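Novice: Got two chains here, each in a separate frame; can you build the complex from them with the hints?
Residue numbers (this note's numbering), protein chains in the order written: chain A, 1 to 307; chain B, 1 to 252.
Rather than coming from a laboratory, the hints here were simulated on the basis of the structure. Source: prediction; values computed, not measured. One or more hints might be untrue.
[Claimed, not checked] Capping the alpha-carbon separation at 20 Å, the derived lysine to any residue pairs in SDA-like fashion look like this:
hint	chain 1	residue 1	chain 2	residue 2
1	B	LYS139	A	GLU149
2	B	LYS172	A	ARG126
3	B	LYS172	A	VAL154
4	B	LYS173	A	LYS98
5	B	LYS172	A	ASN145
6	B	LYS172	A	GLU149
7	B	LYS173	A	SER148
8	B	LYS172	A	PRO153
9	A	LYS98	B	ASP186
10	A	LYS98	B	ASN120
11	B	LYS246	B	ASP61
[Unchecked claim] Calculated Cβ distances over 12 Å to all of chain A for the following chain B residues:
hint	residue
12	PRO70
13	ARG150
14	SER203
15	GLN216
16	THR234
[To be verified] Here's a subset of chain A near chain B, in silico, CB distances under 8 Å, partners left out:
hint	residue
17	PRO30
18	SER80
19	GLY84
20	GLU95
21	HIS97
22	PRO238
23	GLU289
Beta carbons: idealized from backbone N, C-alpha and C, even for Gly.
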Amino acid sequence: MIEKLVDLRDAIAEHLRAGDKAVLGACLEPDVPFAATHEIIRQDLRDLNVIAPISDASTDMLIGAGCCTEVTGAWVGNVSGGLGHNYRRAYETAEPHKLTVHDHSNFSIGMALMAGAYGMPYAPMRSILGSDILRSNPEFRLAENPFSEAAEPVVLVPPLKPNVAILPVQRADRFGNHHHWGSRGLVFEAAMAAEKVILLADEIVEPEVITSDPSRVLIPGYLVSAVCHVPAGMHPSPMTGRWQRDNEFFNEYHRQSRSRQGFLEWLDEWVLSLPDHAAYREKLGARLERLRIVGAAPAAETNFAAA
Amino acid sequence: MADYSIQELMIVAAAREIRDGEVVFVGMRLPITAYGVARLTHAPNAVGLFECGIVRYGPADGMLYTMGDPPNQLGAAWATGLVQVMSLLQRGRVDAGFIGGAEIDRFGNINTSYIGGIGNPTIKLPGSGGAADIAAMSKRLLAIMNHEKRRLVQRVDYVTSPGYLDGGESRKKAGLDGGPAAVITDRAILRPHGSDNELHLASVHEGHDVDEVRGQTGWDLKVLPDLDETPPPTAEELAALHEIDKDGFWRR
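This is chain B alone, in the form it adopts within the complex (with noise of 0.2 Å):
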């Protein structure tokens, strides 16, 4: 294995995603990190947004357990209220938006509220907080999952956050533009092809394989003809991580 732990590699890749200029809604943990590492690298214009009311150039300097923790309050760019944040996801003015979740399908819809379904779920999972509007309103939204064949599924039991929602012309008809763009995962990335917007194979991490992908996967996971290693972390892109992870917690 290379000098890299794979959630670095998942970082950098989710990084690679922002592009120069790019407006982002940026939310916490490993997104937040790629942004940095896209700030100090290939995307030195990029703007985060955080729903709490922040919008920040550079990332904080400091531990943040959550997006309003002091750290991310000071040298903000604004500190202003969620609605005016969140006008700007409504107001198409968002290039791209990172969230996680429990359970995501083959067209990129997420479960984060309701595992088994409404009317008796075995998991009341916290809920959107802000991920449906992401989700919905991000000109490209980008997932950050942990690859295992219960949470890639067939079908979500519930939709929190809308991806293609049936595939084809779905999401156009339920009055959304934009769509999932890219699953990072712990394995691999995958994206969605064709007219019908099915989530496709792209590129498998390090140390993985296409049987082990297909097999952590809940459908019939197509490949990409020009499937391809994820490429690794070049030495700048983990020169401008470890100076944001001083502590290395995305090294263990």
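Looking at chain A on its own, in the form it has when it is part of the complex (with noise of 0.2 Å):
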């Protein structure tokens, strides 16, 4: 097997190039990689389309800090706070840039990246069907039901084939094998569409701990491109038995967020004045702490004796 375990300033540059399609956490609410997004921010990597069914304010962030000039996804904003500043600033005034938007709905945004993830032409669905998404984006098609004998309206979804899928998980090995659990959101459909994964690591473990459970896994190692030891790398979005929401840092960043120049501000604050994660964990201190889940609710033992 071979070795995967990179830094993530390492992991960003070899891996992420400017006006790739990248997703950016999929997993909804949960597990989405801001030290990831910081990463990108610090490297100014530009013009990346983010790909994301809600990835809460991390594409907020991309697109003031000047990275992101096209979204593909279902939700922009602050689950938190509500409505994304940078987000609107961007499409109602251009400020820092021009903004486009692919309109999606969750159930879209799953179908174009399962098509991707499954070598499907297109995927056909319905739920879209009545929408103005269908208007906004023109690049599904609207069509007929070949097999139905009465008139049946059918969205065809085109594959969506992100570049590369930046996804935190619980705990991996230094091969890109992996265990993700909880809820997950479109995290396999990425990991499947994507012709790269960068993994950020919550705990690198053992091989032996994966192996241990392969029906935890989401795609085996050898998939992986790259695998990043970032504790709490999804702060302040949750991560299922390990970190709670960090509910006010989301508010915080709303608030200040509000004016271009407060947006500015936290940015210098959070992650330019930054080197890393590591010091961003160090600045959060207690803060980080308090989050961490120390309850136990483990799972029962699964058996997968041979004989």
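Specialist: In structure tokens form, the structure reads like this:
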């Protein structure tokens, strides 16, 4: 097996390019890879098309920092605060730049990534019928179900194959094998659809830990490009069994990003003036410790014995 | 004013829309509390779905800021993916779905995307999330709104989540069954009525009156003949609500 454990800075520098289509978190509200969001901003990667069903304030940060000029997603904002101020400024007044939005619903972006993941030429679906998403995003096609006798409209969704998917997981080994548990959102589809997968592992474990429970694996390590050991790399979003949501952090970001100047000050304090995520964790200090889940609710033992 | 807040009345009204044994797309905030009240009172066998990939029987024990928070994962009936849970919708296996919105029109179409239309919006809202899917595929859509004239409009600028579209048969022609069953606001409850499926005033909350509600509605709101006051919460409903809302968040 090939060692894939690298520093997050090196992983972003090696695998992500300006102009890429990048999934940054696909679990909806949990497991948003904010550590990678910050590193992308520090490296000043530009013109990203950020793909995410809902990646909370991460997309808003990338837009405000000038890294994201296209969004392919169902929802952009701040789940705690509501609207995303950078998203609004970019779309409504082109500050700091023009923003192109490829509108989706949660299910349609799921179908797009699923088509990408499974090598399907397109995915047929129905749940955005009647919605103006079909009007504002011309990438969809409206067709008739060829198998139905009565007229039955169907939406054809083109596949989405991201260049890179960056996904937090609870634990991984140094070869990219990993476990992810709790609700999954579109993590599996994103991991399967992307050309490259970068994992942010909350913990690095021995390979035997992962092979002890192969049914908790999203995709095997040979399909993973890089593993970065970034504890709490998803802060302030939550991670099942590891970290609670830092809701007040989202509220603070929402208040401070209300003005462009306030956002730039926030960005300087929490991203640009810090060299890496270790410094970010140190700055959070006791606040981060309070979010650590210390309780135990282990799953029942699962036997994989062969004889 | 009686011994409950307007939000508490809305929660109880929303809970009453859930029937026992139904499968419900819950969503956050007010509906998640309504789901809990329904489970504790008249609908102990209801099932709750969350688009992040969670299915639950009983509501979570502990404060939720978002549906994916750790308390909603603990003790879930199913922790899976978005495609799995939302496929239950598309498969026709979801009875009711709750959504909110910035703007709703007389046919129950909801806009959470572009205020002012696509070309030159005055406000870019976050977008659909799962709302379009829930509105299209639930057997009954239940909308929760603040009742203001700028929010209840003649025609939305953009249909994120389809209601009865242009009224009449237009939703069916678009390939959709179901549709809005109730719009629960902080002043009243509206329901579709007649062959056009236009939203009508069905009941008015205590402390509000028909003229005021019509004045706060952006179309010529017609009144159902059997209009009544929204029944206040019963002692049992309030007890269930207080058991869930231990901190009194909805009492304020």
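Novice: Evaluate each hint against the coordinates.
Specialist: Results for each hint:
no., hint, result
1, LYS139/B x GLU149/A, "violated (23 Å)"
2, LYS172/B x ARG126/A, "holds (13 Å)"
3, LYS172/B x VAL154/A, "holds (13 Å)"
4, LYS173/B x LYS98/A, "violated (37 Å)"
5, LYS172/B x ASN145/A, "holds (16 Å)"
6, LYS172/B x GLU149/A, "holds (16 Å)"
7, LYS173/B x SER148/A, "holds (15 Å)"
8, LYS172/B x PRO153/A, "holds (11 Å)"
9, LYS98/A x ASP186/B, "violated (38 Å)"
10, LYS98/A x ASN120/B, "holds (13 Å)"
11, LYS246/B x ASP61/B, "holds (11 Å)"
12, PRO70, "violated (6 Å)"
13, ARG150, "holds (16 Å)"
14, SER203, "holds (28 Å)"
15, GLN216, "holds (22 Å)"
16, THR234, "holds (33 Å)"
17, PRO30, "holds (4 Å)"
18, SER80, "holds (6 Å)"
19, GLY84, "holds (7 Å)"
20, GLU95, "violated (12 Å)"
21, HIS97, "violated (14 Å)"
22, PRO238, "holds (5 Å)"
23, GLU289, "violated (16 Å)"
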